[in-house]
Amino acid sequence: MASKAVYSQHRDPLLKKRDDFEDILEERRKTSDLRYALRCYTPALYKGLTPCTVSDLKTMVLQSDQLLYVINQVSKETGTATDEIQLEAEAILEEMAHRLQLTTVRFFAFTLSKIFKTLFRSICVNEEGIQRLQQAIQEHPVVLLPSHRSYMDFLLVSYILYTYDLALPVIAAGMDFMGMKIVGEMLRMSGAFFIRRSFGGDKLYWAVFSEYVKTMLKNGFAPVEFFLEGTRSRTAKSLTPKLGLLNIVMDPFLKGQVFDVSLVPVSISYERILEEALYARELLGVPKPKESTSGLFKARKILSENYGSIHVYFGQPVSARSLAEGRVDRSQFNLTPRHIPSKPSEGIQDFVNDSAFRLVRSQEENMVLKPWVLLAALLLQNQAAGNKLGVLVEDLTEQAVWLRDLSRQFGAFLHWPDHVPPSRVVSSSLSLHRSLVRVSEGRVQLNSESGSGFPPAAMTPEEELLSKAVVVLSCASYRNQVLHVFIRAALLACAVHSVTGSRKQEIFNTFSFLRNMFSNEFILRPGAEVQDFEEACYLLVKSAVLQIHQQEVLVTDSGHRTLAFLTSILDPFVQGYQMVCRFLCEEATETLTENQFVPAVRKFFIKHLLTGGLKYVEVLSSDLQKNALAALLRLGAVQKLRGGADQGTLKVNTVMVNSLEDTLGGKLPTQKTLAARL
Amino acid sequence: MASNSSGDESSRHQTARHRLSVIAGHLQRPTDRNAALLAVDCKAQGSQPNVNTSDRGEGRTVPRRRQEIMKWNGWGYSDSRFLFNKKGQAEFTGNRYRLSGMIIPGLKDWMEGTFGANLQHKTQATPVLNTSAVQPPTLNEAFVEELKSTGIPFSHEAEDRVFRAHGHCLHEIFALREGKIGRVPDMVVWPNCHNDVVKIVELACKHNVCLIPYGGGTSVSSALECPPEETRSIVSLDTSQMNRILWIDEKNLTAHVESGIVGQDLERLLNESGYCTGHEPDSMEFSSLGGWVATRASGMKKNIYGNIEDLVIHIKMVTPRGVIEKSCQGPRMSTGPDIHHFILGSEGTLGVVTEVTIKIRPMPEYQKYGSVVFPNFEQGVACLREVARQRCAPASIRLMDNEQFKFGHALKPQVSSIFTSFLDGLKKFYITKFKGFDPNRLCVATLLFEGPREKVLQHEKQVYDIAAKFGGLAAGEDNGQRGYMLTFVIAYLRDLGMDYYVIGESFETSVPWDRVLDICRNVKARIIRECKDKGVQFPPLSTCRVTQTYDAGACVYFYFAFNYRGLSDPVHVYEQVEHAAREEILANGGSLSHHHGVGKLRKEWMRETVSNVGVGMLKSVKDYVDPNNIFGNRNLL
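Line order of the protein sequences matches chains F and G.
Take 0 as the starting number for the first sequence in numbering that gives the first Met the number 0 and just add one per residue.
Take 0 as the starting number for the second sequence in numbering that gives the first Met the number 0 and just add one per residue.
There could be a bad hint or two in this list.
Claimed, not checked - Partner residues are not named here, just some residues of chain F that face chain G (Cβ under 10 angstroms, in silico):
1. K254
2. D259
3. F332
What the hints assert, rightly or not - Computed list of lysine to aspartate or glutamate pairs in DMTMM-like fashion (alpha-carbon distance at most 20 angstroms, straight line):
4. F:K254 - G:E607
5. G:K602 - F:D328
6. G:K533 - F:E281
7. F:K217 - G:E603
8. F:K254 - G:D513
9. F:K217 - G:D517
Hints were generated in silico from the structure; no laboratory data involved.
Glycine included, each C-beta is placed from N, C-alpha and C at the ideal position.
Next up, chain G with everything else stripped away, as it sits in the complex (with noise of 0.2 angstroms):
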């Protein structure tokens, strides 16, 4: 699937091609087999600021000056984004992606049909960063000089600062490509290892400088916003550089990991010795190890591999208390409270993770995607709630509901053969005219399935059994490898819509069971009524999918976009209605969130999330651990 030809032939395993393919395998680069498992000391990296270091960053995805290979202003790498081609095509940039370099058809109506866009109506981003817009830094001399004094290498330019003041919530991103600058982060600081960010730590507590720990910069919470009441000087302590592993232990079947790694290459380096985490959130490619513990992140796969908070086994985070961490690694300890879970969703308020030991598992020898059309969405819902009590969910089991499987078919690339295009067209019309399923109303799950060749076969035909009894039908590994890759470009598409007058976002809630489809249902409603109600002037995408299931109930995430033309601030506009989209999900039932974490932007609810006493032991837990707020990014309390 992905083009990964260049160097691989020779790699020495096999499964761990095949993996790379599956998920990481977007990338297409040279993979450092000897920078990959280094357990080096960590060694002061040289005093000056902005010099790459030749022993580390090889072979690792995100360098120091993120802005060589990602865009300021919007998501991803520079070279990969839709854009509509001379012809008016929809095309994908770049050749990191199984769709790049790709003519998407049916895009462009898609677009227009669905939101009333237009292609006259194009509005352009700021090129460049305007470094004079960002308010010059305000530092601590005192700390800036005791920290050149380590060789800790840090910046003020304007462009690291203003790279890590933001994540990926719409406002922010927006902002950005009008040139719109707000409170930044005085200094970026690259610690290398543990022991740099204690010194940093310490320095700050010394110096009452504010610090925000910075990892792969894709919150969607307002996580990442310089609280603009800040005084202080602050700092933004990228843990970008902290990117190793540290050890493997086939034995126990741990791995020992610097927090500031990404995804993308925790996986890759897991892989070429055998290995994986399985843990794979959606923003894998760029989010980092400490980032998941931090949000309590979950990954696609949580079903085989369990979440975040099952998958870690020893955390060590530095706060300015000192450091936090656990005397040994038994698997489950009775010992009061577990001190993880004050870290696991701390969101940067207590203290920087900086070392994670975490669980691993053989690379799974087989793995097969798989589809399934159902005549409803209601009719899809019991189906995957039947596979929840039968506990047989495989590996990934999401249900898209019927704007979305539109969606997704918009998405399809210009397919060369004419027997393909034939054999859809087939397709088509055995669902919809023999089957008599209603194009308008028709979900698709989709579905992937892990682990030993014969399993996975009997596997799959468990779920397809009981998918039949749903009026489901089979719709082929091609749909649902679809949908996976979906995932990794969706956030591309948003920047393409904000070209064109359309913004929007995604969020997420986890619900029990029996109001799944009630959630659904009456959230979409909600979004459409609000636009209606704020003057939005044509018909929003209100859209939905279950993409977790649990014993007690689901994760449902919902994607919410309309063309803002005529609108004076769209991005209020924006946020009214998915703040009325938020109270929806409370009012029926829905957490406040399943995986994105609360950040700044959903803070205001956490008193009737987790009740005034609750809130009170978390305040009291950070009084305790950072009294003068040096970790002042003011999330979640």
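Looking at chain F on its own, in the form it has when it is part of the complex (with noise of 0.2 angstroms):
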């Protein structure tokens, strides 16, 4: 059933068809849980499946051509007996293992809805993504690839599809779950299983769990689920693909032991995420806590809060027989047996990567949008614009409702409620929001600190703006969900601006320039520039904000008002990113490691947000500083060392960094810094 669109396959956004949502919550609210949790399960399973049992699974895995050929090459190495390593390996699949039981997930069925009718209004699905994944289940082994911006995540799609009848997943899930005793056993019994977050060098770790992967893959044991994102995105932006597990479980279809897999990107929009002031006061330094039961007990007092709804979009299964059509020669593999372990090629990690950024950009375009993205991207650029009184609630809504417009046209996925006033739409988002904002006498305003934490009375100046920052991180996180609807315009925009004249190539080189210092920090496909500039131009020209002429691009009377909301949503990052270059610049040793980078930077940002050099709070995010340092790095204005005394150590191409800040801020033409890096 896999289809071969895998993304904006028509031009225009508005032509993008989406379904419709089914509240599932309805229904749990009528009947019992109980009976809903001990009615009949009969999920439709893989015409290919040959049925085993979770200990047949491990015999398989322990006893497959891939695994034996590690084991002995590894005994040869190490000088270990193959008996020893084998015992090694058990011990692996062992800690690994998923013990999926039904019992379990009835026990989940049963206390999930509780829980979720008390924290959510509703869970929303696409009744036709669950047809089309029930269709492709049955025709091909299954990889569900749902976003990852919570804890719930994986429980909430196991919990969807135990509810519609569907094949349980498998899910891989990160070590640091088992610490949690009970719960990591009952997480292992109801589908998931754990990899260790680091394994590097670990020959034999590798083999088997990639082989413990692609034989439930392989098999149609289960629908096989990881987060692309490799982690919780903290900033709600999505993270840049991670390719381990993708790269194993394309390994099946193209080394011909399946005929194809389908990938399901499956996006989960929380109106409000549980986990909103964790992530933020994370983002700000403290460090995030080490997932206990205890921790877990704690933050049930999140029960009592609403958390508005949940949207969860299963797109269109996308079939990796159809993503390789054409860019990979299958035959290479012809030459080698198929267990013996190979890197992949340079020509698959590209098509992996490639697929992933599909992937991805497949689950962003169906990530649904509450009204309060757009409020909180509008109410952060007023702050950010120095308005200390707020903005009074009916220009809030002009603004809103004028942006609702563009992003529509922009072809995102918004839940607006039309038939409500606009007025009402907006004083609903701001009340479910109210810990992060406040209406006084009219006007709006980000809170000034979160509702807890912090204590209140008799904080520095510092513990002040740290206080402030924890709300407009938290405020970024929902602005930031709107961020892919316009990042490639807002790049166009940033280019328009930034260069005098209006000649189309410079346009263009200047994007380029932009959108490759940004590929950190945004999910912009790696070789995509064309494609994405002529996306960009086509809905700026659209939106009547470009006219777009063989060498000349230039901005209609009309057009301001978007060119300057485009260039404004990108600037808290144009200006992260330069003060980073400053930073490396001005105040960076000698012997700056990578690991006192972010410290130092936030040290940095800290003094020039109180003089008052620095206008936007988020800069303090550590995500943004990653990225920009991984940007440097990438670009080879800074470079790690390895390897000594010296491991980690940052070098700073000083000159270098200089011009791409020099660039940014757009006192250098991006010709000049092209030639700088040479």
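Put the complex together from the two separate chains, hints included.
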């Protein structure tokens, strides 16, 4: 059933067809949860399934040619007897493997029903997507790829699949969950399998792990689920995809062991993220609490809050076969036995990387955006503009309606209730997020502090700033949800804005520069500059912002408002990156290491924020700082030393960093920066 | 089994009779023993074309005018075909085959069930060749004049020319049924011996005429298609009259044979002397020795006798540069690259194979069919792999998948006795109910053992023991024998299908053992998906079987057919699907061809198959041997 369309086959985003949603909690509120949890569960299975138990699976993995080969290899390298390594492999598998069990699933079905009903107003699912998935499960092995914003994600997906009588997935989860004693085991019994966060050089571990996943996939034991982004996004922006697991699930197709694999992007959007404030603090440098069962219980006070609704969109299944069509020559695997592990060729790596970006982008495109997301964007811009008093509710409403229309033109999947007057939409959004905004005397303002945590009295200016930053970053995490809609147009807008004159080529160069600069920050498919540029041009021409001629790009009279909005939505990032550059030029010592980078930058930023040299509080986000560093490393402006005493030391190419900063600030034309790099 | 009662009673060799009944015995014709082994000189056979000369052709299957006994727009003998009789029952006509004259009750349901075909929806083939649709011949007058003086028979009649313009690819037969005739040879010559060929090739070089060798005409690679861009006069060189066994050397167990002899004649004639070659490709009724050499053919009993490259000891080929042959008949030589391998698989691009010395073996004392039912295809393949590992493969071992098992079932002739049908019912009950085999998953392997009786029985036990380890149950001789019979009639079935809007074909590959299951699954799935994508309205038949085992891999055959009602250009759709299936084969580690050859149908993949240098090597041989492209069929490269 997997279709060829990966994303935006239609150039016109308005033509994008999206399914309707059904609220699955509605039924839960009417009928018995117990009966629901105990009902007959008979999912449709993969047509090629060879039925096997959880322990059969383990045996298959342990006896696979792949694993035996690696065991022999390791034995030869280390001189250890194969029996011992075999035992080691068994132990790894034992630690890793799930023990999917229907009783536990039923337990979760019951308790989650209770919890979900308390926390959320509704859980909306696109039933057509469910039907497509049901078809796909029967046809080919399925990989579920949900977006990752919350711990809830995988429980939620399993819960939904159980509700619709679909095969429950097995889920790749980080080992840190296993620290949570009972919960860890329960997750295991509901289908989670655990992988170590890093096992770089451990051949045996990799072999057991990849073989385990492949065996489940090939046999059609269950849909395999993992998070392309690798970890929860703390910023609500999609993260640059990790390729390890995608490589593994593509492999059986590429090597002909299955006819096809259906990759199903799942977009989960929360109206309010449970971890909202937690993330903000984490980004500001308060370390993330270790997952523990008691921690989870402490978190139960969140049960008293209203977290709005959740939208889960099961996207069009993407066929690995059609992704590879014309891109991968599968006969490259003809000349080596397939059980001998080999590093994927460059061509395969590019293919998997490209596929991963396409998949993440299709996750993004099917994320439901709530009106609050637009409000957050507007409020942040307003605040950055220095408006201390806040904005009048009426003005905010007017702006929101304007932005609503704009984002719809850009193809955003916006859930704005059109039958409700805009003022009501705005006020109800504001009230759901009253921990972040307050309305007084008809004016809306961001709270200066978050509802809990920091002591209210006797704060130093720095503490005050951080407290404010928690709110700003929380807000930004909502604004970020809409960024993918505007990012290409925003890059173009910035390019138009910073280029003097209107030569199309020059604008394209600047666009490429910016796109390149920010490709660690946003989902921008490698090598798709021209496509992205064209898409941006198309959108801005269509919304009557630009007129594009053969050689020239002109801004229309009516286009300035949109252009201003677009440039300012990107502005915090531009300024953040500039400041990172400045930090590296001005403050970086010879001995600065990667680990010291974030705290040092933070200190530098706080100093400048307090003295007013920096206007965006959100640049305090360690995410932005790390992305900026990654970009500089990628561009070669900074080098990371490896080995010896200097391990991890950053070596800054001051000339280049300087010129990058200037180019970002529009002081240098793009051409010069490019030259400076050489 | 076969109805070979007339005139065979007096046969000298009991064994020969048995052999006859087994393979070539599908034919019912008196064998003229006097004509069997004539080591005659090559005499000019009179100058008028189309005159059957007296001392040859006797006891041989293929006359100069093939149309006398064979269909011009379908497979095989004119008198043998499937049809639905007035009662709507399928029936096989004629009296040449075991199935001849029998009612096949299950076929109608199978066709309707598998393809959604309907007896009401029939497409009639053009009954007779409309000679006016054939382009008048472009003759090279000088060539014709000189040819006349040699006395070698030739013809430029439309029927003769059309007959030699095609093989048996679907698109070729489909076009003929529609009465569409493309570029055809401008004339046909029938050399009688090696020297005739030498003369023809010399004349062709002298007058720059394009020669296309023609053997049995059973190609399925578009190899016989005349290149439309060819502007010279095209002469089809039909070897069918070069069909004598020139000598048999019992000391060395070799026979020296003219290349035009067809498989069934070669076997029959050798059988009469107590020998056989053991080379039995599925097309052996019609395909010729020279054709086998030119395409690297493979026979179903290669496990005992070897493939054609293992069987030939000496080859004589006439090329534009002269005659190529080795100077001795040593069994193996270390004299640089084996020049036989330039000839084997050259597909008529370098010259005409005229004479071949081929290994012969005493006829086997005993033959026994057998079959094994497996719960599923995976188990079956595992068993074949184990048999190959132990190197104990019987003369033939073939594994059919579930769809083909059902197909074979549908071809069971009507049984006369209640007892047999009761027994069948009992067998079915035992396998599906008692043993718990799923009728929609089980598959069957057919076996053929040959050799001394004791050894055969021993061998049989060994193979059945291995099969048992993989859940296989012995399923009787009958099932096995029917499986092999099917190979001969399956080509006739395609003609029946085409009468009812069903088109199909088979194609093959060879693949390492570890990929057998994957390739079977993926290619079958690809066919189904492509059909759907290309708008085929009915689910296609997409099935396969493993037909040969080797130490390092197997040969896999795919059958693919669909009901084309509702398609405006069914042949194009068919070709697209086959193309996609071939790409899938290559992507799954399969070879471009195991024994059908490349022809023109598959030459687009030659470069990736043998690498640039490989193609260059082949090209340089062609450039040296045939610089003016006299053998201009443009196969292979």
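Here is how each hint holds up against the structure:
Interface hint at K254 of chain F: satisfied, since its Cβ lies 8 angstroms from the closest Cβ of chain G, which is below the 10 angstroms cut-off. Evaluation of the D259 of chain F hint against chain G yields a held restraint, the C-beta minimum of about 8 angstroms falling below 10 angstroms. Because the closest C-beta pair between F332 of chain F and chain G is about 7 angstroms apart, less than 10 angstroms, the hint holds. A distance of roughly 18 angstroms separates the Cα atoms of K254 of chain F and E607 of chain G; the hinted pair therefore holds under the 20 angstroms criterion.
Note on K602 of chain G and D328 of chain F: the hinted pairing holds, with a Cα-Cα distance of about 19 angstroms set against a maximum of 20 angstroms. Proximity of K533 of chain G to E281 of chain F is assessed by CA-CA distance (about 54 angstroms); at most 20 angstroms being required, the pair is judged violated. A distance of roughly 33 angstroms separates the Cα atoms of K217 of chain F and E603 of chain G; the hinted pair therefore is violated under the 20 angstroms criterion. This hinted pair checks out: K254 of chain F and D513 of chain G have alpha carbons roughly 11 angstroms apart, not beyond 20 angstroms.
For the given pair, K217 of chain F sits about 11 angstroms from D517 of chain G by alpha-carbon distance, which is consistent with the 20 angstroms threshold.
When each numbered hint is compared with the structure, violations occur for hints 6, 7.
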